[in-house]
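Undergrad: Residue numbers (numbering that gives the first Met the number 0), protein chains in the order written: chain A, 0 to 418; chain B, 0 to 418.
If you are wondering where the hints come from, they were derived from the structure by calculation, not from laboratory data.
Be careful, since some hints might not be right.
Simulated pairs of lysine-lysine, BS3-like, Cα-Cα distance not exceeding 27 Å [claimed, not checked]: (1) B:K190 <-> B:K112; (2) B:K112 <-> A:K112; (3) A:K112 <-> A:K29; (4) B:K190 <-> A:K190.
There are 2 protein chains.
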Amino acid sequence: MTIATTTARERMLLAKDAARQIALLDDGRKSRVLRALADAIEAAADDIVAANGEDLARGRASGLSVALQDRLTLDVGRVAALAAAVRDVAALPDPVGRVLEERILENGLQLTKIAVPFGLVGSIYEARPNVTVDIAALALRSGNAVVLRGGTAAELSNAALVRAMRGALAAEGVSPEAVQTLDEFGREGAKELMQARGIVDVLVPRGSAQLIETVVTSSSVPVIETGAGVVHVYLDESAPLDRARDIVVNAKAQRPSVCNAAETVLVHAAAANRIVAPVVEALQAAGVTVHGDETVAQLARDVVPADETDWATEYLSLDIAMRVVDDLDAALDHIRTYSTQHTESIIADDDAAIDRFLAEVDSAVVMANASTRFTDGGEFGFGAEVGISTQKLHARGPMGLRELTSSKWVVRGAGQVRG
Amino acid sequence: MTIATTTARERMLLAKDAARQIALLDDGRKSRVLRALADAIEAAADDIVAANGEDLARGRASGLSVALQDRLTLDVGRVAALAAAVRDVAALPDPVGRVLEERILENGLQLTKIAVPFGLVGSIYEARPNVTVDIAALALRSGNAVVLRGGTAAELSNAALVRAMRGALAAEGVSPEAVQTLDEFGREGAKELMQARGIVDVLVPRGSAQLIETVVTSSSVPVIETGAGVVHVYLDESAPLDRARDIVVNAKAQRPSVCNAAETVLVHAAAANRIVAPVVEALQAAGVTVHGDETVAQLARDVVPADETDWATEYLSLDIAMRVVDDLDAALDHIRTYSTQHTESIIADDDAAIDRFLAEVDSAVVMANASTRFTDGGEFGFGAEVGISTQKLHARGPMGLRELTSSKWVVRGAGQVRG
């Protein structure tokens, strides 16, 4: 642990001050700064990998799980991939300055609503050093300064990455204070970040459901919740078997550890005899354990009995829950009860069922006849993804650079006063 | 106080359930329901005025200030005005269902981002029974259910208004549970409302700075902050005297008690000799007390000495602070330090100064050569105003019906899976 020469609050104030400079950089300048950041990260690869080796040694000594060790690991290849991702962000269109609305009032006042940076973006995340670079690049590209709190497990890795980025900012004539870390302040740093309303404009937590819950309930800074996905696929009475099978297997097994992977399949009772057995077999062939209700267990082999807990579980593994429901209304009821409002998909040929499902399911993304794995900033064409918002305020669903901007009204007059 | 037959949480769950029905009402139906609401409020005017009389008697007995008594008072004329405001909201365009974005991906997926209701909107406010009706009408028009917590001082008035509105909903075949009050649960009701994350989708506090601060720091439900306005008018070196005088007087004196009224005038040092005395005299002629720094006191008569406290004060009265600053940079510094980021206006002829001010002042509304009193949903042409947001998340500046909606992505496919 390094000795902090400033307090967490002082660092945030320095970042807030630097934010003013970043907000005024033009498109070309921001792109150039980001490319310099990418170069600096690659140039510092040896330092970064060495610091990461120390984090890993400490992690192994303290019993960090193999999965978390993998997330934590940075080798030269992964550092190069981080730099490449920054270059991709550099090439994206500038979200700042877009005209969102224009109107001229009868009294002649000219109103323009334009996209402006938030100012200072905060992020609290867990042992994933890649987030350090991702969030910093996205924040800077959208004209914001950034304050990072990445957890002690990756502290030395994050410090090396931040050092490289701050060096690049300084070399480009931009205040290095625009990128700050609070890692060395431990839990106190996170707490101060969550209470920095008026200094930090928005806070984006990334990590486990527990981390997000803590931030959401403790923060007085406005939060964008990037939440868990208890994602449903509903197989309607009219669902063609091939399509149902292909989409369920893809939605679950193509990458089971992510939030847009399906966790529960609901099957219309009238389609159960036709669909349950072949879909279960296809899932099992892909290595998936099916947790089913009694009807599913009667219709297919090797089904693990499911209970209430399964309906509410985000497995993030090669497990899926399956339930037979009476009809579309029962499916909508189930989704209303257990969904985290991330993504739900209906597989059907019946337009009336599709229209009702799309209108009545209240989730960030509602789909018909597509794999839930498509809920993704990259797939949606945003070029980069800040996270997937499961709240309704400000941003909902995959967030790109635009979601890291606010707006302001610019009013031009000629001396108008109110009568 | 009436005996509650349900708990605060039960009421919120009933409202949440009713929200599903409201969300699916079409434009014409919502307008009709609102007109029925207006009729019911007028028909119940005697009941409402009688209940209000009891609230007022209690208020007078407990020493409620005359100003608060005035805010609390409902006579037949004010009830009719409330009903008329509901009819205005009924006539506004439906904000739900607007297509916000459309794209077709290379794989053929059709993406549409549409405006959807939040679901359940909560509001915490103080002794203003008009807010009970305003917020309910705005929430219903935008397809939301609403849960209200209006304070004990107006409890009987609010109850009578809610009774009338719920009766109208039931008569229109819409669940009356879509409009709920938690008034009779006292402080506990407010607390439960602020902790109802997952049930209440967004919370809009309306009232004093202290009330808003409490909600912002205590609520785990996402909040839209409608904040205080320490609003600045900056008189540049290039400011024409007539325009400066007219705008400053209008911005302060046309209605001093509202958040968009000016509270501080900053004057460029090079314009001070020319501008300070006549502007102070015009303000004084309009009944305004000027709290000035030393330079202002030297240049004009009857100036009350101002100190640091004045710069940070939202007077909401016929008082204004005035300070002479070295230049535009010093004005920007002052605004950065003391502004609540509501509205600031520059009075100038110099385009370079105007452009810098509009770009660098980080407020919800930035103006050139216009009175700050124009920051208003009605003036901006929104037809109705939910409040003026001083936060950067979701909504910034005057909020209309659109700001009471969220969005969802609708994805239509033909069996696409992710490769």
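Undergrad: Run the structure past the numbered hints and jot down the numbers of the failing ones, going up.
TA: Number 1 - this is the single hint that the structure violates.
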